[in-house]
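Given these sequences and hints, build the entire structure.
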Amino acid sequence: MVVQVDGPPPGAVRTRSRRPEREHRLARLDVRYSPYLYVTPFFLLFAIFGLYPLAYTFWVSLHDWDLLGVDPAFVGAQNYTQLMADADFWNSVVNTLGIFVLSTVPQLLAALWLANLLNRRLRARTTWRMAVLVPNVTSTAAVAIVFAVLFGREFGMINWLLDLVGVDAIDWKANRFAAWTAISAMVDWRWTGYNALIFLAAMQAIPRDLYESASIDGAGRARQFWSITVPLLKPTIIFAVIISTIGGLQLFTEPRLFNSGTNAIRGGPLRESQTMTMYMFENAFAPHYNFGYGSAVAWLLFALIAVVAAINVLILRRLGGGARKGDR
Amino acid sequence: MGVFSRRRLTAIALVTVTALLGTTACGGDDGAADGGPVTLTVDVFGQFGYEKLYREYEAAHPGIKIVERGTGGNLDEYSPKLTQWLAAGKGAGDVVAIEEGLLVEYKANPQNFVNLLDHGAADLKGNFLEWKWTGGLTADGKQLIGLGTDVGGMAICYRKDLFAAAGLPTDREAVSKLWPTWQDYVRVGEQFKAKNTGAAFLDAATNTFNTILLQTAGNTTGYSYYDTTDKLVVDSNPAVRQAYDTTVDIIDSGLSGRYGAWSEEWVSAFKQAKFATIACPAWMTGVIEGNAGPDAKGKWDIAQVPGSGGNWGGSYLAVPKQSRHQAEAIELAKFLTSAKGQIGAFQEKGPLPSSPQALEDPAIVNSTNAYFSDAPVGKIFAAGAKSLKPVYMGPKNQAVRTEVENAVRTVELGQRNPAQGWTDATANARKAAAK
Chain A
1 MVVQVDGPPP
11 GAVRTRSRRP
21 EREHRLARLD
31 VRYSPYLYVT
41 PFFLLFAIFG
51 LYPLAYTFWV
61 SLHDWDLLGV
71 DPAFVGAQNY
81 TQLMADADFW
91 NSVVNTLGIF
101 VLSTVPQLLA
111 ALWLANLLNR
121 RLRARTTWRM
131 AVLVPNVTST
141 AAVAIVFAVL
151 FGREFGMINW
161 LLDLVGVDAI
171 DWKANRFAAW
181 TAISAMVDWR
191 WTGYNALIFL
201 AAMQAIPRDL
211 YESASIDGAG
221 RARQFWSITV
231 PLLKPTIIFA
241 VIISTIGGLQ
251 LFTEPRLFNS
261 GTNAIRGGPL
271 RESQTMTMYM
281 FENAFAPHYN
291 FGYGSAVAWL
301 LFALIAVVAA
311 INVLILRRLG
321 GGARKGDR
Chain B
1 MGVFSRRRLT
11 AIALVTVTAL
21 LGTTACGGDD
31 GAADGGPVTL
41 TVDVFGQFGY
51 EKLYREYEAA
61 HPGIKIVERG
71 TGGNLDEYSP
81 KLTQWLAAGK
91 GAGDVVAIEE
101 GLLVEYKANP
111 QNFVNLLDHG
121 AADLKGNFLE
131 WKWTGGLTAD
141 GKQLIGLGTD
151 VGGMAICYRK
161 DLFAAAGLPT
171 DREAVSKLWP
181 TWQDYVRVGE
191 QFKAKNTGAA
201 FLDAATNTFN
211 TILLQTAGNT
221 TGYSYYDTTD
231 KLVVDSNPAV
241 RQAYDTTVDI
251 IDSGLSGRYG
261 AWSEEWVSAF
271 KQAKFATIAC
281 PAWMTGVIEG
291 NAGPDAKGKW
301 DIAQVPGSGG
311 NWGGSYLAVP
321 KQSRHQAEAI
331 ELAKFLTSAK
341 GQIGAFQEKG
351 PLPSSPQALE
361 DPAIVNSTNA
371 YFSDAPVGKI
381 FAAGAKSLKP
391 VYMGPKNQAV
401 RTEVENAVRT
411 VELGQRNPAQ
421 GWTDATANAR
431 KAAAK
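Top to bottom, those sequences are chains A and B. Here the first sequence is numbered in the numbering used here, starting from 1 and rising by one per residue. Here the second sequence is numbered in the numbering used here, starting from 1 and rising by one per residue.
Hints were generated in silico from the structure; no laboratory data involved. There's no promise every hint is true.
[Claimed, not checked] Covered, in the sense of this in silico footprint (three residues per stretch, anywhere, with C-beta under 8 Å from a C-beta of chain A), are these stretches of chain B: (1) 102 to 112; (2) 207 to 214; (3) 263 to 275; (4) 375 to 388.
[Said to hold, decoys possible] Anything over 10 Å on all C-beta distances counts as not near chain A; from chain B, calculated: (5) His61; (6) Lys65; (7) Asp76; (8) Asp171; (9) Val233; (10) Arg241; (11) Gly254; (12) Glu360; (13) Arg409; (14) Gln415.
Cβ coordinates follow ideal geometry from the N, Cα and C atoms, glycine included.
As structure tokens, then:
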């Protein structure tokens, strides 16, 4: 590569000497406004794909809006008041929260344990670390279909295994807790490895000397894990919880494909595993095509996520100070 | 790994939440160029049996290429997609199949479809059974949305090997004589069950319920969930109650395999010969063949349905206004719904023609189905088709039917007793109708 060593191009020098005040002003404008220019793409995209749908959904939710109809009638908050008294809606809220808790708690515990294992000296360490991420790169639909077959009432492998140990067949799709468990298993299978890698990354940032001095003080592996690893991982754990919250509250593909056949969108004969997003779909699209009502469900889902996220932020604030000290 | 700032987390949260709100299915674009060869997309569900007809049409019309989408798919997944395409004004095929239960809802918003009366379809009236033709018209009779394809004449399909194992006759004439009424059908089922063949007598109570309802309604009131003034009559129409009670008898006798209709398990149950009989509208023969697979060829046969007559299902072909090749699409729809097209489809996959000329055609009358032990399907189905009594369907028929069948399903699974099930059915139907 040839490097020019002739000094600044003559033109530039001339301009600067000729119009110093203008150049100066441009530089000031540049300093002041170009950062906004750099962040604009995000905000533009957010406005088009985030804000606009959000506002439009709200507008739709104030109408009696048939998906195919013309001239929807403005009904104010009627969809919302109706929704508040809708037992099926609250059923879907309970299902969503139930599946969320049932999937997130074991998932994060398992991820923590996996990360701890992977953090040790192992043969073929990279292979193991990559292997835990494999479930995450498979398609959700494929996972859901395979699990739906595994959890079949009559031809499913899980019931066959249960039968071997003398447990009666479970109708996974028509039993609320069983359906939640099966769907949680799907979610966990996919996301445990992903969280384990995040935890692993955080674990590797913990200074070795902490463990060394702990060993000198006579702390065993378990003690080290609970007294050093877990406290120092707190911010990461909170991050993982929040991400799982957002994903968990919007669960759709897994429960939808878990229920096959007619009206799968109901999530079982008594709506055993119908999540909020499924209820939204049922109302906005088949069989009701009531876009206004579906949009109201979407907005309440948004509100619920905001509430749960706020709770998370509060926890983050309370724990954040203590954890930050330990963070590098 | 550092601490994520709160602002960043909020941003992530916002983006993720809004990503959800913005999620809608996007239809494909045929991308046909002007002047070049025209590609017509036909959207169907299940089995319409058009493959050979397309090739024939393409050969006769150079420059036209036909692509079919959705073959073998579930109606439940097809209908919301079609509605989204229509609402979005983009994505739908040039010719779309519409099941009769959904046509009612589309008729309320006819602006989405080409008025076939403006394109010479009025001359075709005589090619269809009277009620099938009328079914495609809007309430004011001024717009024709769809041309009829098939009707769903009823029968019972049964597995001969399972009947033999249970010591029952296997010959279709003899089997038909076993069940002149649904009570007889239940009685035969009890005999079958007593022999412990390892299979259930029927697949799912909901399918049988729908069959009994449509038959009873056709023979008595002429309407099912809605009366002809579009008033919801789930709790007052004796036909609904009668069908429910008969279905409860079937459930109480333990005859149902309780496979949720159209679910993965239901499909597996065909393959594994887990039930002996199934309510069998003409179009179901294609479904059975697809689900049970070539291994079961010759093991199935077709008998008369208990009670008499009845129609379940049947579809129409329509041309959405958004089609960019309306003229070509209309011609194709006319061809596929002509007597010749209907005969071709019947020979391919079994949907029963809705054209009286086709129903009298020797190709239909004398036809047999090799998969079903050479059963004379033409005679079995076509004989009753011309005297079929249609059942009127109200505006939210699909949503109401979903609720009622679902209540039947909860009783079948033992989650609700029959009385609770009936309460659920009527209450949920009212709720669905009001939505």
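Checked hints:
no.: 1; hint: 102 to 112; in the structure: holds (count 6)
no.: 2; hint: 207 to 214; in the structure: violated (count 0)
no.: 3; hint: 263 to 275; in the structure: holds (count 8)
no.: 4; hint: 375 to 388; in the structure: violated (count 0)
no.: 5; hint: His61; in the structure: 32 Å, holds
no.: 6; hint: Lys65; in the structure: 29 Å, holds
no.: 7; hint: Asp76; in the structure: 6 Å, violated
no.: 8; hint: Asp171; in the structure: 31 Å, holds
no.: 9; hint: Val233; in the structure: 19 Å, holds
no.: 10; hint: Arg241; in the structure: 21 Å, holds
no.: 11; hint: Gly254; in the structure: 15 Å, holds
no.: 12; hint: Glu360; in the structure: 35 Å, holds
no.: 13; hint: Arg409; in the structure: 5 Å, violated
no.: 14; hint: Gln415; in the structure: 6 Å, violated
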